[in-house]
Amino acid sequence: MDNPRSMHLLLLLSVFVIATCGLIYELVAGTLASYLLGDSVTQFSTIIGAYLFSMGIGAFFSRYFTRNLLSWFIQLEILVGFVGGVSSCLLFMLFDQVASFRLILYLLVGITGTLVGLEIPLLMNILKNRMEFQDLVSKVFTFDYIGALLASIIFPLMLVPQLGLMRTSFFFGILNVAVAMVVLVKFRKEVKWARYLTFQSVIVILLLTAGFAYADRLMHMAESLAFNEQVIFSKSSPYQRIVLTRNKDDLRLYLNGNLQFSARDEYRYHEALVHPPMMCHQQPANVLILGGGDGLAAREVLKYPSVRQVTLVDLDPAVTELFTGNKMLEKLNQGSLRHPKLKVENEDAFQWLRHQNKTFDVVIIDFPDPSSYSVGKLYTNTFYRLLRGVLTTESTVVVQCTSPFVAPQSFWCINTTLQQSGYATLPYHCYVPSFGEWGYIMASPGNVADKGLPLPQHLRSFSREAFAQMSFFAEDMRAVNLPVNKLNNQALVHFFEKEWAVYQ
Amino acid sequence: MKLSRSEFLRYMALLAGGAYVAGCHEGGRYNHITGKITGASAAVGHRLREGQLPAPQQEIRTKVLIAGGGIAGLSAARALSLAGMEDFLLVELEASTGGNSASGSNDLTQYPLGAHYLPLPNPENISLLNLLEEAGILTGYENGVPAYEETSLCFEPSERLLYNGRWQEGLIPQFGIGPKDETEIRRFLALMQTYRDKKGADGKWAFDIPVANSSSDAVFTSLDCSTMAGFLRKENFTSEPLLWYINYCCRDDYGAGIEVVSAWAGIHYFASRRGRAANADSSAVLTWPEGNGRLVRHLRKFSEKQTMTGTLAYQVEQVGNEVQVHVWDHQKQQTTKIIAEHCILAIPQFIAGRLLQYETPSHFTYAPWLVANITLNRLPEEKGAPLSWDNVMYNQQCLGYITAQHQSLRQSPEKVQVISLYWPLDQLEPTASRHNALKLEHKDWVDQCMTQLEKMHPGIYRQVNNIDVQVWGHGMVRPIPGFMTAPKPTEPERISFAHSDLSGVSVFEEAFYHGERAAKRYLNSAAHS
Numbered sequence: 040m041d042n043p044r045s046m047h048l049l050l051l052l053s054v055f056v057i058a059t060c061g062l063i064y065e066l067v068a069g070t071l072a073s074y075l076l077g078d079s080v081t082q083f084s085t086i087i088g089a090y091l092f093s094m095g096i097g098a099f100f101s102r103y104f105t106r107n108l109l110s111w112f113i114q115l116e117i118l119v120g121f122v123g124g125v126s127s128c129l130l131f132m133l134f135d136q137v138a139s140f141r142l143i144l145y146l147l148v149g150i151t152g153t154l155v156g157l158e159i160p161l162l163m164n165i166l167k168n169r170m171e172f173q174d175l176v177s178k179v180f181t182f183d184y185i186g187a188l189l190a191s192i193i194f195p196l197m198l199v200p201q202l203g204l205m206r207t208s209f210f211f212g213i214l215n216v217a218v219a220m221v222v223l224v225k226f227r228k229e230v231k232w233a234r235y236l237t238f239q240s241v242i243v244i245l246l247l248t249a250g251f252a253y254a255d256r257l258m259h260m261a262e263s264l265a266f267n268e269q270v271i272f273s274k275s276s277p278y279q280r281i282v283l284t285r286n287k288d289d290l291r292l293y294l295n296g297n298l299q300f301s302a303r304d305e306y307r308y309h310e311a312l313v314h315p316p317m318m319c320h321q322q323p324a325n326v327l328i329l330g331g332g333d334g335l336a337a338r339e340v341l342k343y344p345s346v347r348q349v350t351l352v353d354l355d356p357a358v359t360e361l362f363t364g365n366k367m368l369e370k371l372n373q374g375s376l377r378h379p380k381l382k383v384e385n386e387d388a389f390q391w392l393r394h395q396n397k398t399f400d401v402v403i404i405d406f407p408d409p410s411s412y413s414v415g416k417l418y419t420n421t422f423y424r425l426l427r428g429v430l431t432t433e434s435t436v437v438v439q440c441t442s443p444f445v446a447p448q449s450f451w452c453i454n455t456t457l458q459q460s461g462y463a464t465l466p467y468h469c470y471v472p473s474f475g476e477w478g479y480i481m482a483s484p485g486n487v488a489d490k491g492l493p494l495p496q497h498l499r500s501f502s503r504e505a506f507a508q509m510s511f512f513a514e515d516m517r518a519v520n521l522p523v524n525k526l527n528n529q530a531l532v533h534f535f536e537k538e539w540a541v542y543q
Numbered sequence: 024m025k026l027s028r029s030e031f032l033r034y035m036a037l038l039a040g041g042a043y044v045a046g047c048h049e050g051g052r053y054n055h056i057t058g059k060i061t062g063a064s065a066a067v068g069h070r071l072r073e074g075q076l077p078a079p080q081q082e083i084r085t086k087v088l089i090a091g092g093g094i095a096g097l098s099a100a101r102a103l104s105l106a107g108m109e110d111f112l113l114v115e116l117e118a119s120t121g122g123n124s125a126s127g128s129n130d131l132t133q134y135p136l137g138a139h140y141l142p143l144p145n146p147e148n149i150s151l152l153n154l155l156e157e158a159g160i161l162t163g164y165e166n167g168v169p170a171y172e173e174t175s176l177c178f179e180p181s182e183r184l185l186y187n188g189r190w191q192e193g194l195i196p197q198f199g200i201g202p203k204d205e206t207e208i209r210r211f212l213a214l215m216q217t218y219r220d221k222k223g224a225d226g227k228w229a230f231d232i233p234v235a236n237s238s239s240d241a242v243f244t245s246l247d248c249s250t251m252a253g254f255l256r257k258e259n260f261t262s263e264p265l266l267w268y269i270n271y272c273c274r275d276d277y278g279a280g281i282e283v284v285s286a287w288a289g290i291h292y293f294a295s296r297r298g299r300a301a302n303a304d305s306s307a308v309l310t311w312p313e314g315n316g317r318l319v320r321h322l323r324k325f326s327e328k329q330t331m332t333g334t335l336a337y338q339v340e341q342v343g344n345e346v347q348v349h350v351w352d353h354q355k356q357q358t359t360k361i362i363a364e365h366c367i368l369a370i371p372q373f374i375a376g377r378l379l380q381y382e383t384p385s386h387f388t389y390a391p392w393l394v395a396n397i398t399l400n401r402l403p404e405e406k407g408a409p410l411s412w413d414n415v416m417y418n419q420q421c422l423g424y425i426t427a428q429h430q431s432l433r434q435s436p437e438k439v440q441v442i443s444l445y446w447p448l449d450q451l452e453p454t455a456s457r458h459n460a461l462k463l464e465h466k467d468w469v470d471q472c473m474t475q476l477e478k479m480h481p482g483i484y485r486q487v488n489n490i491d492v493q494v495w496g497h498g499m500v501r502p503i504p505g506f507m508t509a510p511k512p513t514e515p516e517r518i519s520f521a522h523s524d525l526s527g528v529s530v531f532e533e534a535f536y537h538g539e540r541a542a543k544r545y546l547n548s549a550a551h552s
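Residue numbers (the working numbering), protein chains in the order written: chain A, 40 to 543; chain B, 24 to 552.
Extracted from the complex, chain B is given alone in its bound form (with noise of 0.2 angstroms):
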């Protein structure tokens, strides 16, 4: 489905419930908001499909040479530097390393620009803990069960929801929904909290987190086969605030909703976290005003000196015993080729399979995301629950927004906020939508992320000072039916992989722990030689 930008916007705006004319933006009500688009070097990316490089002029030599500075290839780093290795190189695209948790900054804050809190880890995520121990995040074990930095657990209040014009406390609708829905939606946490306490044949937990240690029992992985929306269906949930609700965290984690996702995947969400805090509710999550930037701080610490950002690799290729990396340097224009014993590729599988030269499997489909940090003067007090961490509307295109300044500590309300709008861009199937996305200039941008805000907050317009939009044009993998009981892509003798793809599930957990994994393959083969 292709359109122009101007159908794309009026499509947009038809969902979002309003009219929209192209090129009569409201007598230019938004024409006082600045800002910029940011984004993953689409362009330069580009350039991979088009080919045409220069012969590499040098060489170099590594033992390991990780491909992509995301979590997984920072993950990776730092188990080889663990583990005394310290001979490897890391190449970036990027200007900084951080992936999907960079994070940017303004005169008043940090805030994130992708991924921005961590839950509570499960107890059997050992790796994990030490690594959030090793920051300071985990500051101690009370009788077995970690205790967190106070700062890092995400202050009260943390959730609020508009719905029916009031903000009330969480995200589930609490007000002014009927029995039947208030029935319906016990009966789908209850259902929930069953399969979280069940283990299969195999004496795994149905779900776990990493993904690749839950169970294989067919009783479980059977949920593979349809919808999320097709269980339901399957077990009666009709009731609409739910059903939304459901949606709304498939969306959120997945970036497509109950139609697109499997049952095992929307279940996964919900039943695949046991972790505890000494010192909160299970429930609570860890965030920081930069959002997982923080925990990027952290790892980068493995890696400073082997880092080469704004470096592209475009072709890989085992030759022998070593692998041969041809990177490409964009801001000095010049190629090298790295030889290396091992290369990890934490890059999506779409990039990998355009570097190893294989059609990357069907089943690895990615939605686009939008992320638009806003800076506005101070954001009005409303009917209900006080301006909270994340801030939802019930039925909106948008995910809502969270608010970077609500981790601190200070007294004074800043006269000037920065919020951070989430919008999967799942209105299309991906590639149309990302296609459309891309072609959006900055103005439709602030249209857009406009329609949705005033719809929370009527004339806030005029509080709003900058908006600054990130679009990740492949921002999350999607768990669609199939996918995790799809056969793994099989990795070549010298060649890992390793990205949070791998387990249909864009979150930090599986990139850190497929880091690791790659890792482990590396200095086992190299003990064995």
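With the rest of the complex left out, here is chain A (with noise of 0.2 angstroms):
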């Protein structure tokens, strides 16, 4: 290919991949900054001033080339490639692990920048020898400009909605490093360090599409370092991000970012939970277990034979359909969810109350924290009184309520409100290491003593010697004058998010 007006199409073609390259890793730059700092007008404009700041700087230098323009060229465009091409992947898997993220982002828009600057005088320069300057600079800018429109066009249409951050800046860096190959096929009679170029794109392009195959993957770890462990599942549902993390022999389950349990101790907060409220009963037949969707503290009931039937209640259908299906998780809760003497109803809890006309021997109650104003509604007054509805005298109820050490006004207020509400009540705790001292209330409409029902064989921690500790409550974990949580005023709420912020 020696003709020259080809080989010059070919150099303009190129300058519109670039110019729609450049604007593309900028756009990502922007797009980026304000996805994880906000402030999107703030982020925009800095990091274009920045990006063209750098392009300047890039132009200036280019007066230092002088010599093997178009090797020069070459190596370019594989630099640009590369640098663009995992710019997004670099600030994704680094926004959470640097202290200054900012000082990367700017560095990673100045580097990007000022190559991107030096590819234009570049050409020119190659091209000034084989054309008409006054149609070289028409062209030049023509093709910079199209290429620029064709960016900013397809950017939020296509590339964003379709491939996804990540995914278009790899994709772009390989179309960059691709223009390097072409022209170094093209004009590698005039190229020197041929070989040495070659080499070079071709790792690097490998190295791009290798990255936008796994650009999935990538972003997962970009989770998981967020979380120091590996995240193995992850799904939002209706009602809460649901993420499932292994750390090598360890599974935790974590709910809007809060941990549910830690496969390595979760046997000691439910054995404590389940245990005391089932050894209170003469003997348990009907249990209902309202939240506890993972079905662990439901492996518990089902270890005492009197348990004739176990009604779960829980509002999410993605974690009780999340811990019936997965081997793993099913090793967990040994089949607890598929049991036959079990019935799993994905309702709101309160709403499910309301049309009950059972009773329930034993009633475990497992919500999360309360730590919104909308779960704040379970812990109240009128939520204990409409659970009356479902209990008898003998009935025992367990709720398993916040750290008594940390939130020791939020554990008291749940007392409180349990007694005031018709009930008597034996608040314990247990450690739990990766919770720490847990805390949980028993209460009956009748009275708390255990009916010495034998406890099931092989239980890990709990036992009533342990129970005669449990029920002891060191001066640090006391609290006194703590108000009934209502849903007038939402006490617990309140108590709960002052109490816990020193530890957020």
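Simulated from the structure, these hints should not be mistaken for lab results.
There could be a bad hint or two in this list.
[To be verified] Below 25 angstroms or equal to it, Euclidean Cα-Cα: the simulated DSS-like pairs (lysine-lysine) are:
1) A:K380 to A:K370
2) B:K478 to B:K466
3) A:K274 to B:K328
4) B:K406 to A:K537
5) A:K225 to A:K167
6) B:K328 to B:K86
[Claimed, not checked] Interface residues of chain B toward chain A, partial, derived using beta-carbon atoms under 8 angstroms:
7) F178
8) G407
9) A408
10) R433
11) I483
[Claimed, not checked] Which chain B residues stay away from chain A? Per the calculated CB distances, all over 12 angstroms, these:
12) Q75
13) S175
14) S181
15) D204
Just so you know, even glycine gets a beta-carbon here, dropped at the ideal spot from N, CA and C.
Join the two chains, each given in its own frame, into one complex according to the hints.
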């Protein structure tokens, strides 16, 4: 291909591609910055400013390139493709990891801008001896601006919705390097260090292609870095974000970023949750579990031969389905959610209770912590009075009640609320390493006392002897004079917010 | 001040701080929003003025005819029914009773079309406490203090205010105000507390609900001579956030601001409530998804068989020992003469005057209102206090919005919500404002409401699906200076008046009081004859 006209065309086409890529990198950086840092006006204008300024720096330095222009141009293309291509992936990964994310952001924008700024002047220098100057300027800038227009249109309309940010930058990185390779092949006679450049461009293109292909996993990793563990499942249900992580042999469930259990010590939590109310009933046959869609409390309940039926009411079918279908998780809950004695109802507990006429011997309440007004309603006197409708005087109830060490006022506020709603209570606590010192309150319309029901064999931590210690509260876990939690004061949510604030 | 539709719109936009260009709805960005205008059947009501209805073809006899099925009419019916007097009829112009406490519903929720809450009744207001107990809203007494149904008490968080770009708890500006403002706010609230605790020489509370039970001691009634704004100037209150707050409260309860209402009425708002609850703060309010529609549902039970809806009383005349009332059923297009021993006109004075052919006293003026029920996808979470029952923006034309689903016990975040925007149309004098408001089309109201809502939540228009607009032409009586001390309209022997406007304060308690009072007047006269 020695026809000079087609050579010119090729170089001009590469201007077009370069311009498109250049603007895309700028848009990716701007979008990412406003996505991660917020305040899109500031982010976009500072990114665009920094980018244009860096291009100016690049243009300034172009004067120092006087020989082997074509080779430098190819080298530049490979570099731009690499830096621009990996930029969004790098930014996603580093967002939670580095102290000064902005520094990294502007550094990347600066490097990309400088390299892009070098490209056009370099290309013009290459073409200046092959074309009329007037013709050259006109053509180069025409292609440059058309490329920019194309980029600005396809970026919001096609690329972001179809490919996502990470794939977009990988894709344009590949295009950039592809330009380098085509020029390399077509002009191989004029290019110095051709083998070295070929080698380099192949490596970079492979790297970027791999990034493009595995963008989903990379995205996943970025998320798992934030959790310090490997995310093995994540899903947004209409109610919450469900994330399951694994770290060696530990499996953890997070709902909306709050740890629900760690497989290493969940037995401590669930044994302490289930066995006390069971042993305080003569012969528990009908058991109700509110919340607890992971089936772990149900696993403990099903260890009692006297139990005939377990009803599990959990709002979110996404959670109960996850813990029904998955082998690894079923190993953990021992397939409790598929047990013939167990019935799952995916309903709102408040609404569900309103339409019940059955009574239950034991009720296990394993709701999320009262961190929002909507969950706070499930800890009010109105809720506990409604609950009374499904109880007999013999029934026992247990409520998971956050940490009496971190949040004593929250814990004892629930106790006051239960007492004021007509229950006798028995508060206790248990140490769960991944949670810390955790609290529970047993309650009954009658009295709460050990009825001598034999405990299942092979419990790992709970025993009657252990329970004697659990029901003793040291001075640093006590609080007095707490109000009743009501729909019209949401006192608990206020306490909870205040007491956990230091740990956030 | 007569304005064309576009002039009025431009004027409203100007007040709202925006620019309005006739026919240019910002590139039709609200075109996706559906909805309709609902409202008191003004067209039917206007037939009253025009006359020309056919002569009655039939005659009915009853002991008491109640004209008007708002809270006053329904309360009168209840009082009669409780006294064992079931021989009465109630005629209501609209398709259903409820008046200003009417409610609507869609697939998601019920929502109020007007009045939407009831503050805790004062301990002396036994009738009202009994009503609430009867409805199951008051569940019992603890040491003499009433306990209320938990689901009827407004859930926390109840109020938030958007001030200086940040949502804060409560409606009194707290953050970002100066020390002078803080001092004045404290001084004002303390002053109102002293008025709340005061009794007149006649041993009555200086300010009470119902208004009729308030002291007639001149020390207090003299406050009826000046405006609230005049009183505040005299007392040296100049803090902008404080004046905004007081003005907000007056517009909320009276449909008119501090420059319009009397000092007596302005103070009454802050100093007349001494209600308590065993299970809530004294500042608590009772509210329901359907607003005071909950109370209407209970009151209706007492007049189910006696109610004739879609029916307008257009002529009332005392003839000898009976009252002859001509009514028009606008669905069947037929007129009926109802002959009664007594008639209770549970309608506003401006209509009563027309029926009885006397000039309604000039101090009866009525503020037009707008209530817009807006269906939208979830409201965004913003800086500061979370979505509350009542959500208000500082220095705004409308009074903000309440969330109909606030009293819901559901966990699930509803994807679609209904909010009710409240807006007293007090930019112009009531007559001009009403006149102009009734001319507006649905799309004009959408523009108006969205301008207000967009200020609170920029970009929210994308989330909005539907806006139903309820225009209350004569929404609330305005307690202007001189109202409280003006002589009450005289009632003919066999005709009683029952409406909250007689108190000058358009609230549930007053309507209920006047309904019961009128029923008692009849029962007493019947007992003596």
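Unsatisfied constraints (hint numbers, rising): 3, 8, 9, 11, 13 and 14
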